[in-house]
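Participant: Sequence:
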Amino acid sequence: MERTIHPALHTTVLLLALLVAGFWSGQGSLAAEETLAKPKADIRWIKNPSPPFHILDGHHVGYGICDVLVDKINARLSPLDTTIEVYPQSRINRLIEGTENLCFPCMIKRQDTDRFVYSKKTTVYPPLGIIMRKELLAELYPTPPETLSLTELLNNDSLIFGFAGARRFPDELQVAIDAHKDDGNVLALPGVLGPLRLLQQIDFERIHYTLDYPGVLRYFAIKEKNQSLTYMLTTEYGEQPVYGAIGCTNNAWGKRAIKAIDSVLDEVIADPEYRENQTMWLNTLPDNP
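All residue numbers for the sequence shown refer to this note's numbering, where the first residue is 518 and numbers rise by one.
Simulated from the structure, these hints should not be mistaken for laboratory data.
It cannot be assumed that every hint is accurate.
Computed Cβ-Cβ distance ranges for the label pairs, DEER-style [to be verified]:
1. Ala769 - Glu722: 26 to 34 angstroms
2. Tyr658 - Asp629: 23 to 31 angstroms
3. Asp631 - Gly682: 39 to 47 angstroms
The calculated DSBU-like cross-link candidates involving lysine-lysine, where the alpha carbons are at most 35 angstroms apart (straight line), are [said to hold, decoys possible]:
4. Lys637 - Lys589
5. Lys589 - Lys626
6. Lys626 - Lys742
Here a beta-carbon is modelled for each residue, glycine too, at the ideal position from N, C-alpha and C.
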């Protein structure tokens, strides 16, 4: 004989099934939310191929200004989960515009913003200056000046100024660049290896000058075995040093990361290998006879 299930019992079983399914579905949703909310690492470093700040190949691989900084910090924060990701500048620009948890090791020291919270000072860069061919400098200035005016150079339509796309400079220099950003003689260079590519373009006479640190010129001279370029202070910025810092996303995750980083920075800055690295890239210039 075929057995029948009482309608009331059938309804009860169905309700229990729905409740159980709902419970596990809710648990799954909570787990998914927790997974999305939970940072993948305690410190997520973001680098881009931009020697000598980050050197990803060649003789000095891993010995960039901020490569050694990251390695020394990670060694002292070994209980924490740290990751290093490398992206082209275009991808980094999108990350900066978003809200992802990340830390950039090679930023200029600034007051905290809505987007970034900054560490203590990590680096003292020599002043930003004009880099151009020695021959062009002699042609433009038969009597070499002590400084070059960025504003005057930008006003010269026959000279092309190049800079790495999305790069920002101290206000004294950025104001002059912004005033000419739509001019035909101002070129923002996209892509990877921005600082090195700019100096190569200057050497090839495709652009005439850029703004950068003397350490970038030193890297170019070593890598290219080329002494054709020179560095000059700007009239606008003078001899002011530029202080570097680490910038992390300004949220609870980023503030925890910066607190941990700051706790070991004094040890890192005193580390002999770190100091040797900083001296090599930041305290010396290639010979410019």
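Participant: So, for every hint listed, does it hold in this structure?
Facilitator: Structure-based check of each hint:
1. Range check, Ala769 to Glu722: Cβ separation about 51 angstroms, and the 26 to 34 angstroms hint is violated.
2. Checked against the hint of 23 to 31 angstroms, the pair Tyr658 and Asp629 fails, with Cβ atoms roughly 41 angstroms apart.
3. Under the hint 39 to 47 angstroms, the C-beta atoms of Asp631 and Gly682, about 23 angstroms apart, miss the expected range.
4. Straight-line distance between C-alpha atoms of Lys637 and Lys589 comes to about 15 angstroms, which keeps the hinted pair within the 35 angstroms bound.
5. A hinted pair counts as satisfied when its Cα atoms are at most 35 angstroms apart, and Lys589 with Lys626 qualifies at roughly 19 angstroms.
6. At most 35 angstroms may separate the alpha-carbon atoms for a hinted pair to count; Lys626 and Lys742 meet this at roughly 32 angstroms.
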